[in-house]
Amino acid sequence: MLSTILEISLSMAAVIVIALALMPLLEKKYSARGRRILWLILAVRLLIPLNITLPKAPVTIEPPERIVVLRTDSAVPVQVMTEEERTIAVRYEPSSANYAPLFSLRELLTVIWIIGAVGFMLFHLISYWVFRLRIRRRLEYAGQYQGLKYYSCDAIESPIMTGFFRPAVIMPKDEYSPEELEIILAHEYTHLRRGDLWYKLILLAANALHWFNPAIYFMARRANKDMEYSCDEAVIKDKSFEFRQLYSMTILKSMKRHLKNE
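If you want our numbering, it's the position in the sequence shown, counting the first as 1, plus 145.
Any given hint could turn out to be false.
Only pairs whose alpha carbons sit at most 25 Å apart, straight line, appear in this in silico DSS-like list of lysine-lysine [as the list claims (entries may be wrong)]:
no. : residue 1 : residue 2
1   : K382      : K345
2   : K398      : K318
3   : K382      : K398
4   : K384      : K398
Each pair of labels, with its calculated beta carbon distance range [to be verified]:
no. : residue 1 : residue 2 : range
5   : Y362      : R178      : 17 to 27 Å
6   : K384      : I257      : 42 to 52 Å
7   : M400      : K294      : 39 to 49 Å
Worth flagging that the hints you see were computed from the coordinates, not collected in a lab.
Every residue gets a Cβ at the ideal spot worked out from N, C-alpha and C, and that includes glycine.
The task is simple: from the sequences and hints, build the whole structure.
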């Protein structure tokens, strides 16, 4: 399985690098919604541990089968050698009987990969859990918007939506005009309607599975930006110039508050 993951990661990294390099052209030709779909397709492909190859695969990775052995009669307790080298050592060295296989390099790399993937997910899940604990006692119910509950909280700097199964919007304790409040809630409701929380989870899972690949981090960062741009496009679609102007000012105000408190 590890070989398949590595092959998929390497081949998809090439696709991602090309897509990122062509981004100025893609931004002119395709909407943020189209780019959002592109990143989703790539993320889903990264999550499928199945290598669909041609008769001769363009990318093939086979980790070398090397054996880590224990040598009890030497000052160097651990040596790495191929199975063939170990066979020769056992045959020609008098003390070779003390060579004891521990694990192969493939097994070692698999363990490292699993630790990295699990650690990556645990870090983000624990961070999310700590955040929820930190704000839980400081939430104040503020109302509903098309069935979506929203709260105010003095522990955050910008509006966010949380909860996969019971979603809610959490807003900073700030003075918003009725128009600004309507815009912020419309933006977050659009995220909910489009399933963007699940979209981000897919990106996170792909990033965890390929935590060793820098290209996936760049893809996730760009995908999140395009997700936000796509949400903006959906909210202001067919709206008046005055609404678009107020929308831009409200988003800018939220961004300034966030940057100020970083």
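Here is what the structure says about each hint:
1. K382 to K345: This hinted pair holds, its Cα atoms lying about 23 Å apart.
2. K398 to K318: Roughly 14 Å between the alpha carbons, so the hint for K398 and K318 holds.
3. K382 to K398: At roughly 21 Å apart (the allowed maximum being 25 Å), K398 and K382 satisfy the hint.
4. K384 to K398: This hinted pair holds, its Cα atoms lying about 20 Å apart.
5. Y362 to R178: 17 to 27 Å: holds, 23 Å
6. K384 to I257: 42 to 52 Å: Between K384 and I257, where Cβ atoms are some 51 Å apart, the hint holds.
7. M400 to K294: 39 to 49 Å: The hint (39 to 49 Å, Cβ to Cβ) is violated, given that M400 and K294 are roughly 24 Å apart.
Comparing the model with each numbered hint stated earlier shows that hint 7 is the single one that does not hold.
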